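> With chain A's structure known, arrange chain B on it following the hints.
Given next are the chains, with one letter for each unit.
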Amino acid sequence: MTDLATRPAPAPVAPAPKRGAKERWVRRAPLLPALIFAIIVTQVPFLVTLYLSTQGWNALRPGQREFVGFDNYLTVLTDTRLRAALFNTVLLTAGAVIFSLILGLALAILLDRKFLGRSVVRTLLITPFLVMPIAAALLWKHAIYNPTYGLINGIFGGSTDWVSSYPKAAVIATLVWQWTPFMMLILLAGLQSQSHEVLEAAKVDGANAWQIFRRMTIPHLRQYLELGALLGSIYLVNTFDAVFTITQGGPGTATTNLPYEIYLTMFRKFEYGEASAAGVIVVVLTIIVATFALRVISGLFKVEANR
Amino acid sequence: MNRRLIDSAWGVVAWVAGIVFVFPVIWMVLTSFKQENAAASNPPSWIFEPTFDQYALVFERNMTPFLLNSLMASIFSTLLVILLATPAAYALSLRPVEKWSDSLFFFISTKMMPVVAAFLPVYLLVKHAGMLDNVWTMVILYTSMNLPLAVWMMRSFLLEVPREVLEAGEVDGAGLLTSIRKIILPIVSPGLAATALICFIFAWNEFFLALNLTATNSSTAPIFLVGFISSEGAFLARLCAAATIVSLPVLIAGWLAQNKLVRGLSMGAVK
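Chains as they are written, first to last, in the numbering used here: chain A, 2 to 308; chain B, 776 to 1046.
Worth flagging that the hints you see were computed from the coordinates, not collected in a lab.
These numbers were taken from a predicted model, which means no experiment stands behind them.
Some hints here could point you the wrong way.
Unchecked claim - For lysine-lysine, the following DSSO-like pairs were computed, each having C-alpha atoms within a straight-line distance of at most 27 Å: (1) B/K1046 x B/K957; (2) A/K23 x B/K874; (3) B/K874 x B/K1046; (4) A/K115 x B/K1046; (5) A/K169 x A/K270; (6) A/K115 x A/K23; (7) B/K902 x A/K270.
Claimed, not checked - Estimated spans, in silico, between C-beta atoms of each pair: (8) B/I794 x A/Q195: 20 to 30 Å; (9) B/A831 x A/E67: 51 to 61 Å; (10) A/Y167 x B/N992: 36 to 46 Å; (11) A/G253 x B/R870: 51 to 61 Å; (12) B/N1034 x A/L61: 46 to 56 Å; (13) B/L952 x A/E67: 55 to 65 Å; (14) A/L48 x B/I794: 49 to 59 Å; (15) B/T953 x A/L78: 53 to 63 Å; (16) A/G253 x B/A831: 32 to 42 Å; (17) A/P220 x B/A949: 39 to 49 Å; (18) A/G21 x B/V946: 18 to 28 Å; (19) B/A831 x A/L51: 49 to 59 Å; (20) A/A95 x B/L846: 33 to 43 Å.
Unchecked claim - Residues from chain B that keep clear of chain A, each with C-beta distances beyond 10 Å, as calculated: (21) F851; (22) A943; (23) A968.
Positions of the beta carbon are idealized from the N, C-alpha and C atoms, including for glycine.
Looking at chain A on its own, in the form it has when it is part of the complex (with noise of 0.2 Å):
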């Protein structure tokens, strides 16, 4: 944002006069292949499974192919086990997403001021979003959590069993872990595109640091702590390396999420009619997120082109 400001940002679009049809074509050309392999690798699978979401199908018993309606919605709906996943996907996604905000917010603040070392700094702290999620749940899982020779235990004393104790708590505190740095780096980019005049004005008229931070910092930061809860949300409620690698989906069903229920629904229980209905329904909950999260990038796109 910084770069933009310092010159007028170019309208992105020039108001489309009426071509001939051939120069039109001529100007769809380049977008053609994206949009053809987009439409191709991801819409035609999706209406593969909304057809296959009306059908009941287990793999197990080939040749045993038929039309059910919306028996499988009823089966997903009325499921405890996919309730239980619903639950816990709006949890783990609910409880990492507002952790590493906190934690990001406080870390992007921190990071704002000048100070010796401010890049170095930075630079450790994107490193954990960089690692390989697997080979960070991995981590966690047996480095950190282990009851006889993790780190919390070898460093705290004690023999907790942490990922057993608490389930749900390890896989979010892992995935905070990852999507922290996430999230500050939204955040510091917020911060750093505030205009320092105004704060500048705010001082010299006697406003305190808190004040400050209260009445201008948060305020400015909202579309950036929204653009950040919506893009953290999308990305994590696909989470499935962490529960697949630390709990299992377990204890029970205790951090079973959708995505990992929905791979047991196919390639343990070969229902593939219930993993369809369950793949629609997440859609359709996505859809609701996705709204909301699209209304607050063109918010932004809109801020950008005011300046």
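For chain B alone, coordinates are given in the frame of chain A:
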């Protein structure tokens, strides 16, 4: 004077926070240089004689093919993404098609669809086509996974090309190719590099698709780690060595792209 003291105190706090956050990674690297009995000790051992044994062991267990598969899947999908996304981003920014914003939001909406939701048909199709356990399947899927991100990111970089310069070029009779080569590329090439690095990171780290679509021939690096999930006993140091190796390319890519990381991760919404 007082203020400088406060500033440096906050600096110390920031340093402590940075070290706390990065500590599990440091611990991972330290442990990878230990022998197994030192790695599994309680209390943790801080002083030990470093050894490369674990790294040697990991490669003895045939890690190389996993790394090569990952490298192939990541590099080829990144190239394909850039080839598809850059022209598309051009048609959505500098020379916009009609209803350009619909296409733009279509791309981002495909990113929002959870992978599991459309995975079954993909799996069935891949299976029937005999493309299971094939690196090129992964290349295609990783391309579609990263395409929206790359389109949005490239668009945000292309918008930084000043229109006046482009128009001046056109007046001087520069053709499309000339203006791409002489005007657009020099301005967007850092952005192009950052986009490629971020696509590489996501492809390299991908786990779900690799787990379900690859087996002996085309398993990628994350799959090498699956064997460590349930194992008990003397293996922690070896796990850390393997985890360090698979994370290293992404750490390097991420450190290189760190100034543009936030822009890519927010689909170009935050600069």
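> Now, for every hint given, state plainly whether the structure supports it.
These are the hints, each one checked on the structure:
no., hint, verdict
1, B/K1046 x B/K957, "25 Å, holds"
2, A/K23 x B/K874, "17 Å, holds"
3, B/K874 x B/K1046, "25 Å, holds"
4, A/K115 x B/K1046, "20 Å, holds"
5, A/K169 x A/K270, "24 Å, holds"
6, A/K115 x A/K23, "56 Å, violated"
7, B/K902 x A/K270, "18 Å, holds"
8, B/I794 x A/Q195: 20 to 30 Å, "28 Å, holds"
9, B/A831 x A/E67: 51 to 61 Å, "56 Å, holds"
10, A/Y167 x B/N992: 36 to 46 Å, "40 Å, holds"
11, A/G253 x B/R870: 51 to 61 Å, "57 Å, holds"
12, B/N1034 x A/L61: 46 to 56 Å, "52 Å, holds"
13, B/L952 x A/E67: 55 to 65 Å, "57 Å, holds"
14, A/L48 x B/I794: 49 to 59 Å, "50 Å, holds"
15, B/T953 x A/L78: 53 to 63 Å, "60 Å, holds"
16, A/G253 x B/A831: 32 to 42 Å, "41 Å, holds"
17, A/P220 x B/A949: 39 to 49 Å, "46 Å, holds"
18, A/G21 x B/V946: 18 to 28 Å, "22 Å, holds"
19, B/A831 x A/L51: 49 to 59 Å, "51 Å, holds"
20, A/A95 x B/L846: 33 to 43 Å, "36 Å, holds"
21, F851, "14 Å, holds"
22, A943, "14 Å, holds"
23, A968, "17 Å, holds"
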